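Undergrad: Letter by letter, the chains look like this.
There are 2 protein chains.
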Amino acid sequence: MEHTHTAWTEYQKQHQQRFLDEMLELLRIPSISAKSEHKDDMRKCAGLVRQRLLDSGCDRAEVMETAGHPVVYGEKIVDPGKPTVLVYGHYDVQPADPLELWHSGPFDPVIKEGKVFARGSADDKGQFYMHVKALETMVKTGSLESNVKFLIEGEEEVGSPNLGTFVAANKELLKADVILISDSSMISMETPSLDIGVRGLSYIQVEVTGPNRDLHSGTYGGAVANPITMLCKMIASLHDENNHITIPGFYDDVVEASAEERELMARAPFNEKEYKEDLGVKEVWGEKGYTVNERTGIRPTMEVNGIWGGYTGEGAKTVLPSKAYAKISARLVPNQNSRKLTDILLEHFRKIAPAGVTVHAEEHHGGEPYMTPIDSKGYKAAAKAIQTTFGKEPIPVRGGGSIPICSILERELGTKIIFMGFGLDNDNLHSPNEKYNLENYYKGIETIPYFHRFFAQG
Amino acid sequence: MEHTHTAWTEYQKQHQQRFLDEMLELLRIPSISAKSEHKDDMRKCAGLVRQRLLDSGCDRAEVMETAGHPVVYGEKIVDPGKPTVLVYGHYDVQPADPLELWHSGPFDPVIKEGKVFARGSADDKGQFYMHVKALETMVKTGSLESNVKFLIEGEEEVGSPNLGTFVAANKELLKADVILISDSSMISMETPSLDIGVRGLSYIQVEVTGPNRDLHSGTYGGAVANPITMLCKMIASLHDENNHITIPGFYDDVVEASAEERELMARAPFNEKEYKEDLGVKEVWGEKGYTVNERTGIRPTMEVNGIWGGYTGEGAKTVLPSKAYAKISARLVPNQNSRKLTDILLEHFRKIAPAGVTVHAEEHHGGEPYMTPIDSKGYKAAAKAIQTTFGKEPIPVRGGGSIPICSILERELGTKIIFMGFGLDNDNLHSPNEKYNLENYYKGIETIPYFHRFFAQG
Numbered sequence: 001m002e003h004t005h006t007a008w009t010e011y012q013k014q015h016q017q018r019f020l021d022e023m024l025e026l027l028r029i030p031s032i033s034a035k036s037e038h039k040d041d042m043r044k045c046a047g048l049v050r051q052r053l054l055d056s057g058c059d060r061a062e063v064m065e066t067a068g069h070p071v072v073y074g075e076k077i078v079d080p081g082k083p084t085v086l087v088y089g090h091y092d093v094q095p096a097d098p099l100e101l102w103h104s105g106p107f108d109p110v111i112k113e114g115k116v117f118a119r120g121s122a123d124d125k126g127q128f129y130m131h132v133k134a135l136e137t138m139v140k141t142g143s144l145e146s147n148v149k150f151l152i153e154g155e156e157e158v159g160s161p162n163l164g165t166f167v168a169a170n171k172e173l174l175k176a177d178v179i180l181i182s183d184s185s186m187i188s189m190e191t192p193s194l195d196i197g198v199r200g201l202s203y204i205q206v207e208v209t210g211p212n213r214d215l216h217s218g219t220y221g222g223a224v225a226n227p228i229t230m231l232c233k234m235i236a237s238l239h240d241e242n243n244h245i246t247i248p249g250f251y252d253d254v255v256e257a258s259a260e261e262r263e264l265m266a267r268a269p270f271n272e273k274e275y276k277e278d279l280g281v282k283e284v285w286g287e288k289g290y291t292v293n294e295r296t297g298i299r300p301t302m303e304v305n306g307i308w309g310g311y312t313g314e315g316a317k318t319v320l321p322s323k324a325y326a327k328i329s330a331r332l333v334p335n336q337n338s339r340k341l342t343d344i345l346l347e348h349f350r351k352i353a354p355a356g357v358t359v360h361a362e363e364h365h366g367g368e369p370y371m372t373p374i375d376s377k378g379y380k381a382a383a384k385a386i387q388t389t390f391g392k393e394p395i396p397v398r399g400g401g402s403i404p405i406c407s408i409l410e411r412e413l414g415t416k417i418i419f420m421g422f423g424l425d426n427d428n429l430h431s432p433n434e435k436y437n438l439e440n441y442y443k444g445i446e447t448i449p450y451f452h453r454f455f456a457q458g
Numbered sequence: 001m002e003h004t005h006t007a008w009t010e011y012q013k014q015h016q017q018r019f020l021d022e023m024l025e026l027l028r029i030p031s032i033s034a035k036s037e038h039k040d041d042m043r044k045c046a047g048l049v050r051q052r053l054l055d056s057g058c059d060r061a062e063v064m065e066t067a068g069h070p071v072v073y074g075e076k077i078v079d080p081g082k083p084t085v086l087v088y089g090h091y092d093v094q095p096a097d098p099l100e101l102w103h104s105g106p107f108d109p110v111i112k113e114g115k116v117f118a119r120g121s122a123d124d125k126g127q128f129y130m131h132v133k134a135l136e137t138m139v140k141t142g143s144l145e146s147n148v149k150f151l152i153e154g155e156e157e158v159g160s161p162n163l164g165t166f167v168a169a170n171k172e173l174l175k176a177d178v179i180l181i182s183d184s185s186m187i188s189m190e191t192p193s194l195d196i197g198v199r200g201l202s203y204i205q206v207e208v209t210g211p212n213r214d215l216h217s218g219t220y221g222g223a224v225a226n227p228i229t230m231l232c233k234m235i236a237s238l239h240d241e242n243n244h245i246t247i248p249g250f251y252d253d254v255v256e257a258s259a260e261e262r263e264l265m266a267r268a269p270f271n272e273k274e275y276k277e278d279l280g281v282k283e284v285w286g287e288k289g290y291t292v293n294e295r296t297g298i299r300p301t302m303e304v305n306g307i308w309g310g311y312t313g314e315g316a317k318t319v320l321p322s323k324a325y326a327k328i329s330a331r332l333v334p335n336q337n338s339r340k341l342t343d344i345l346l347e348h349f350r351k352i353a354p355a356g357v358t359v360h361a362e363e364h365h366g367g368e369p370y371m372t373p374i375d376s377k378g379y380k381a382a383a384k385a386i387q388t389t390f391g392k393e394p395i396p397v398r399g400g401g402s403i404p405i406c407s408i409l410e411r412e413l414g415t416k417i418i419f420m421g422f423g424l425d426n427d428n429l430h431s432p433n434e435k436y437n438l439e440n441y442y443k444g445i446e447t448i449p450y451f452h453r454f455f456a457q458g
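So the sequence lines, in the order shown, correspond to chains Y and H.
Per full-length UniProt numbering, the first sequence starts with residue 1, numbered consecutively.
Per full-length UniProt numbering, the second sequence starts with residue 1, numbered consecutively.
Misleading hints may appear alongside valid ones.
Treat identical chains as interchangeable: a pair holds within one or across any two.
[Stated by the list, open to error] With a straight-line cut-off of 30 Å between C-alpha atoms, the simulated DSSO-like cross-links for lysine-lysine are:
#1 K340 - K140
#2 K276 - K351
#3 K273 - K351
#4 K13 - K392
#5 K351 - K282
#6 K351 - K288
#7 K416 - K13
Calculated from the structure, these hints are not laboratory results.
Only a predicted model underlies this, so the values are computations on that prediction, with no experimental measurement involved.
Take these sequences, add in the hints, and give me the full structure.
TA: Take a look at the structure:
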């Protein structure tokens with residue numbers, strides 16, 4: 001065994017620069033799934049992922065069609081009798097706006113102080129690609145002990161609208177004993193952690209219409225309901241003075257975390273002073289009665305992701321606008337149901353529309369919350385792999401983000417999901433200057449082969 | 001006298017098409033004062049106004065520099081001993097956004113159903129140009145009985161930041177017995193009216209900063225104050241349940257309209273059903289205890305003119321943004337002071353900033369409210385002119401809009417202002433598809449010479 005480890009290390013050391021160059025090549029493709037003008041980039045990116053899977057040891061790799069952006073599937077079957085690991089990832093990225101806040105081009109990766117700055121570096125190109133290079137390492141050093149399948153999709157950032165259909169239609173192809181995902185973060189390199197859950201998501205867009213045209217705010221101001229003001233009143237009413245969400249039924253299905261889990265969470269290292277300094281805020285905020293980690297882990301939340309209406313250009317324009325808009329999303333926890341909560345949100349906004357305006361609310365996308373048990377073979381293999389390369393047992397934590405496909409994958413494939421993320425919370429996911437630390441990238445490539453070994457042997 | 005009238009009518013009829021063509025030429029220049037990229041268009045427009053003043057009978061016309069966009073001055077002095085009318089207008093226009101709502105190009109004037117559709121058609125190019133063509137009519141028919149001066153500025157739509165300095169430095173040049181402005185509307189062609197006042201304006205921009213960068217709403221949502229939500233809470237708090245403005249001190253200096261004035265206002269024709277139908281709203285809105293006309297005439301109001309923050313593009317992005325912004329303006333009535341109210345607004349927003357965010361509020365521009373007496377020689381000349389061409393005595397009304405320069409002009413020149421607007425409330429001022437009815441344009445050109453005659457004789 002020690003021999004193999006040395007061989008892995010040696011191989012990875014030799015090919016370090018190429019492993020990085022290949023990741024940068026992926027990052028140069030602006031594969032923004034939300035924007036229709038990037039349709040060709042999406043296809044180009046899928047093609048490159050397929051080629052790299054083949055180059056890295058897959059026996060088979062294909063770009064497979066869906067009703068939206070294509071999925072890339074790949075596999076390396078060493079022995080059908082051996083356990084199979086299905087690696088899920090996504091090659092699509094979030095939009096890069098606001099562009100003016102980036103220090104370098106979002107699709108011109110720059111390496112600075114040991115970090116790769118580019119959209120998608122941590123979410124999720126840099127992370128799923130660790131698995132591709134881990135496969136290469138195991139194949140080239142003759143040490144692959146499990147079968148490996150890859151399901152790399154192109155619509156994660158828009159809520160995976162077509163992946164459920166794809167997975168249902170390809171159950172046999174995707175059959176596996178465990179699903180492994182690196183699309184999340186750990187507390188720090190000094191305090192490795194493994195996510196045991198992700199929050200669900202309900203995302204809606206609200207359109208408020210006042211008068212049938214933009215009006216002069218002098219001629220009409222004071223006599224006609226202003227849709228911006230009305231939208232603000234609706235948004236302001238979503239949280240009470242304790243920052244509890246006021247929408248009727250919102251908390252109905254929430255399973256309260258046990259005292260034991262909250263006790264465990266409280267032991268995870270957290271420095272509020274550093275947290276505030278990192279974010280540049282004087283105060284943290286949130287639901288009364290819960291700590292910062294609880295607010296982002298075990299509690300459902302509601303955020304306005306965007307708002308616009310009226311004149312937003314240079315200078316002053318005295319308009320009373322016809323329309324105002326907001327994008328609003330809720331993060332959900334077990335056992336909230338995304339479909340049900342989306343309906344509750346849509347209904348709520350329609351119901352609270354003030355007199356004088358009309359409200360049109362529609363669904364963007366959603367995803368179910370997901371939890372994974374810590375006594376499974378998969379979790380134990382992940383914990384042991386982390387222990388091996390980090391020298392420390394990982395802390396189990398609940399992640400605040402959402403991977404909408406989790407509940408669908410488990411339902412369709414009957415397989416548990418293991419979250420083994422190597423990112424950090426300050427990777428600027430979904431923000432300008434997204435980055436991924438090279439140390440984390442290489443540590444991931446080093447750690448993943450152990451997961452396969454321990455899972456195959458376990 | 002009847003001879004002259006016939007001569008005017010005859011002359012105007014003969015030159016009707018050219019009077020229109022010249023207006024359209026002005027409308028083709030995108031003289032948007034708020035946008036720096038239109039600086040050259042502003043200068044081009046000023047040059048054309050100067051040329052037209054000379055062509056139309058002025059002895060002298062000049063483009064005069066200010067610290068911002070230039071002023072156009074022109075004059076026709078028939079006899080220094082005769083009364084002098086100073087015509088004020090502006091050649092700058094509001095921005096044309098949102099462009100997608102225009103049925104034709106904002107700077108490609110189109111004539112449809114007797115209306116000129118173009119930005120600036122009613123506000124104010126089409127209106128000030130009536131005075132230029134009225135001068136031409138009087139000069140060419142040998143019937144000008146007063147001296148005429150023109151002060152056509154280029155910064156009205158951005159709050160006339162440099163006109164005060166200009167007027168103070170040119171008191172002698174601008175000396176007049178009355179100031180005449182056509183930059184407002186009348187009730188209808190069947191119910192002519194004369195504005196006896198305009199509201200003042202205090203316009204501010206608010207910037208709310210939460211975290212120092214855009215964050216992932218999953219990782220941080222629920223634990224960090226969202227600047228959009230906080231901005232909405234602040235905006236929502238500006239009006240109470242009766243739509244009174246809640247800002248301390250806001251109403252302190254308001255002079256309540258007399259019971260007599262409110263009684264007079266109530267007699268002006270107003271059809272709430274038609275008003276709502278025209279605007280496409282189910283309900284009117286506004287301060288409890290006041291009618292629609294009172295809300296837009298005698299009461300101060302507060303409108304959000306624009307709001308933006310976070311992701312506003314296609315699709316969904318799960319961001320908790322760093323910043324959110326709003327443009328907010330108040331309309332003021334006698335004796336509110338714009339400077340004082342702006343300070344009250346700025347201070348209020350800084351004071352109500354919720355914990356977890358910082359608020360930066362700054363001034364855009366302002367203007368004082370203004371009232372003109374109905375027993376003056378100027379008002380009487382205007383009323384008689386309207387009576388002559390409309391066959392009906394005009395109703396005195398308070399306009400809801402603002403002409404920030406009024407109080408400055410009166411202070412510097414010691415002269416009262418007469419508002420003789422020929423627009424209509426549905427001209428879509430500051431909105432897409434701004435229009436000016438040709439009937440109103442020609443009626444204005446027909447009426448204005450009577451004002452000069454009655455004022456000179458009065």
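Undergrad: Run every hint past the structure and note whether it holds.
TA: Checked hints:
no.: 1; hint: K340 - K140; verdict: neither (48 Å within a copy, 76 Å between copies)
no.: 2; hint: K276 - K351; verdict: between (37 Å within a copy, 22 Å between copies)
no.: 3; hint: K273 - K351; verdict: between (41 Å within a copy, 25 Å between copies)
no.: 4; hint: K13 - K392; verdict: within (23 Å within a copy, 94 Å between copies)
no.: 5; hint: K351 - K282; verdict: between (36 Å within a copy, 16 Å between copies)
no.: 6; hint: K351 - K288; verdict: both (27 Å within a copy, 23 Å between copies)
no.: 7; hint: K416 - K13; verdict: neither (33 Å within a copy, 86 Å between copies)
Consistency with the previously given hints fails for numbers 1 and 7, ordered from lowest to highest.
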